[in-house]
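Protein chains: 2
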Amino acid sequence: MPPIGAKQRAVGLVVEYNPFHNGHLYHLNQAKHETGADIVVAVMSSSFLQRGEPALLSKWARTKMALANGVDLVLELPYAFATQKAELFASGAVAILSEAKVDCLHFGSESGSIKDFHHLLSFMRENREPWDELVKSHMQQGQSYPKACALAFKSLDANTALSLDQPNNILGYHYVKAIADQGSAIVPYTTKRLSADYHDTTLPSSSIASATSIRQSLANEPDGSHLIKHVMPESALQELMTYQTDFNQLHTWELYYPFLQYRVLSSSTSELASIYECEEGLEFRIQETISRSSTFIEWMTAMKTKRYTWTRLQRLSTHLLTNTTKVEMNSLHQSSLPYIRPLGMTEAGQQYLKYLKKHSSVTILSRFAATDHPLAKTELKASRSYIAPLPTSQRMAQIDKDFSTIPIRM
Amino acid sequence: MPPIGAKQRAVGLVVEYNPFHNGHLYHLNQAKHETGADIVVAVMSSSFLQRGEPALLSKWARTKMALANGVDLVLELPYAFATQKAELFASGAVAILSEAKVDCLHFGSESGSIKDFHHLLSFMRENREPWDELVKSHMQQGQSYPKACALAFKSLDANTALSLDQPNNILGYHYVKAIADQGSAIVPYTTKRLSADYHDTTLPSSSIASATSIRQSLANEPDGSHLIKHVMPESALQELMTYQTDFNQLHTWELYYPFLQYRVLSSSTSELASIYECEEGLEFRIQETISRSSTFIEWMTAMKTKRYTWTRLQRLSTHLLTNTTKVEMNSLHQSSLPYIRPLGMTEAGQQYLKYLKKHSSVTILSRFAATDHPLAKTELKASRSYIAPLPTSQRMAQIDKDFSTIPIRM
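These protein sequences, in sequence, are chains A and B.
Residue 74 in the numbering used here sits at position 74 of the first sequence, with consecutive numbering throughout.
Each number in the numbering used here comes from the position in the second sequence (counting from 1) with 1000 added on.
FYI, nobody ran anything at the bench for these hints, they're computed from the structure.
One should not assume that every hint holds.
[Stated by the list, open to error] Think about it this way: if two alpha-carbon atoms lie no more than 30 Å apart in a straight line, the pair counts; the simulated DSSO-like pairs of lysine-lysine are: (1) A/Lys326 with B/Lys1377; (2) A/Lys304 with B/Lys1381; (3) B/Lys1381 with A/Lys381; (4) B/Lys1401 with A/Lys377; (5) A/Lys304 with B/Lys1401; (6) A/Lys306 with B/Lys1326; (7) B/Lys1147 with A/Lys381; (8) B/Lys1381 with A/Lys326; (9) A/Lys304 with A/Lys154; (10) A/Lys377 with B/Lys1381; (11) B/Lys1377 with A/Lys304; (12) A/Lys306 with A/Lys85; (13) A/Lys326 with B/Lys1326; (14) B/Lys1192 with A/Lys381; (15) A/Lys401 with B/Lys1304; (16) B/Lys1304 with A/Lys377; (17) B/Lys1192 with B/Lys1147.
Same shape as in the complex, but just chain A:
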């Protein structure tokens, strides 16, 4: 035990836990071991995720999964950062972890070598302008942003060891960059991810599976807990099954489609054009395609072009659903972090939070009722959109949870 009031060594993780599985557990333990931390602080996406999807389970259920499996303190990654491409996503997460006074940040990557990340950062400090030019030119030729980045690196420096067309390398690079840009004292660590491919859609026989493959199994077979029990900790599986029973379903895009279609068809094109990430006349394409698509996947397929990645379009769908405008989002990104918000904590997390309350420069916020900051307003709007398709009694039980509930203690 450290002396009372002294700060324990803390490692920060950036997570979605959608849902929590053995790979997450492995990473968590490895992070603690490699950094010598006493405390694990996870900054976790709230209701909607980086790839522009509703989280399968509420942030409260995912917080319980995290606390039952070794995380000491779960902090909310607000909607305004959770639903962004890597750069903004990472800068929000790092800003929160800095305010949470973690000593280090540990992330999984395809590379596994922190030196490669530092090297790339130096390279970019020197070659930013030509690199930007190349990215722009590749995008003008119709490439997606990630692909354009990768091509730009190839043109400028064949010796860059870090491949940026792999999603966790991109995120990792932006964590390291955000730490440097924000002048943070956080020390970054990385190890190679166990799961070979983030995009795996079939379940392996081993105990480590991608979250994508777990979601896919649940989508194909809603009663398929027997299919995934070897890849999830018992407590997390239990939480998942309870949620599915209580709410009658998990949150998938299809559940939201009638609401999204209603929203789009009852909006004018100029209202659609005011939504964040609705660029280049997409509002006309949105309205025309959605009126003839009977499911979300049908709509996305109709919307898809080489110009826009699936993820980009899903993020746009998320902002349409939550009615998040350009003006609103840009003003949130321009203001400094107003608060950090614990969603849950263990006994040890609670002690750590006591220390934070004395030393953090921002508010530690437990309920939205206690603030009227626009960041909280946008979050409340997102969480109320998140519960829109639930049956009445469950919807009503959740509707003011963000507004009035205090963090979970476990």
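Based on these hints, arrange chain B on the given structure of chain A.
Structure of chain B alone, referenced to chain A:
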């Protein structure tokens, strides 16, 4: 038979047919008889009604009911006029009937004497200013608009035979006034309504019932066709039952409540304040009360004050659901009628329409695909909001009907 190309004598009716019943049939026959008309032209509210409710059945189903029971030509009363208090509602209906070249307009009223309406009109020409002052002052004392009107008349002229706190007298007065204001050649007729009370909620044993009591019976007992078969023509009852089977339900406010709640909770207060009829800070009350109300009726009860009639609040709910703004609505009311739109016609109605096509000064519009007038855009938005809560296959079948369907022929 009249000579080909000659105009037949036509009587105009202003209707909702929600649903079509024996009282409507009686009125229709009486109108034809009293005016000596060959042709009946009904201008019918589209998807949402004057009291701020979704119509029980689609405009297409209600058009079929009308055509099967003696109406020759059904014209759409657009959303922009159908969901308004008496003055605007009547001015829209009269403008359309004028363009439809009807010779007379026949309406039911509590009074039953057309002389009383003319007398009131003259009285108002002379006393408008003091009357306006009195209405304003009564409203400032917390009276509703209809009540304030009635009180103003009492103060100014105890001899006014026409009681303006009865809904069909108010409508009738505004028909007569609109005819005069618009310099229309239409001759107004009225007879006393058979059904004593517009607001009756229990079914009588006789063959004439109010639409309210029919809707109430259906709400209490969805399979209650045996309860209402003595008060509706066989064909209309059949249409109602078929609709209920095909669409799984009739359209009631409760069906829309999850969508309305979602809309309100994902809007900012300034967005709510931009909605038509959202006045005097109601946006805060709307958002606060809807987050704790699990049904539409619960919400309306929470919203209700002496200041606002139930109908006024229901109309506001309609505009919230359809996302109709003040700017949008006011600009529609300021522009002149761009088209009249037939929803359906009999053989005789078709002949009449041929005459109209030659002599009307506005477009005869059959599909919204053929126009980009804002009036059609608002209508399309309303009809797409109207079908939002239907199950997917029925929703998809209806979604573009307004856009591409031509009028029904029967």
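* Asked: Can the restraint linking A/Lys326 and B/Lys1326 be considered satisfied, given a maximum Cα separation of 30 Å?
  -> holds, 23 Å
* Between B/Lys1381 and A/Lys326, is the straight-line Cα distance small enough, at 30 Å or below? -> holds, 23 Å
* Restraint status (C-alpha distance of A/Lys304 to B/Lys1401 at most 30 Å) -> holds, 26 Å
* Does B/Lys1326 lie within 30 Å of A/Lys306 when you go C-alpha to C-alpha? -> violated, 39 Å
* Asked: Given the hinted pair A/Lys377 and B/Lys1381, is their alpha-carbon gap at most 30 Å?
  -> Distance of about 28 Å is within 30 Å: holds.
* Pair hint outcome, B/Lys1381 versus A/Lys381 [Cα-Cα no greater than 30 Å] -> Given that 30 Å is the threshold and the Cα spacing comes to 23 Å, the pair holds.
* **Holds or violated: B/Lys1192 to B/Lys1147, with C-alpha atoms at most 30 Å apart** => Measuring from Cα to Cα gives roughly 22 Å; hence the hint holds.
* Pair hint outcome, A/Lys306 versus A/Lys85 [Cα-Cα no greater than 30 Å] -> holds, 18 Å
* CA of A/Lys401 to CA of B/Lys1304, is that 30 Å or under? -> holds, 26 Å
* Quickly compare the C-alpha distance for A/Lys326 and B/Lys1377 to 30 Å and report which way the hint goes. => holds, 24 Å
* Holds or violated: B/Lys1304 with A/Lys377, Cα cutoff 30 Å? -> Holds, at roughly 26 Å.
* **30 Å limit on alpha-carbon distance, applied to hinted pair A/Lys304 and B/Lys1381** => holds, 25 Å
Hint violations for this structure: numbers 4, 6, 7, 14, all remaining hints satisfied.
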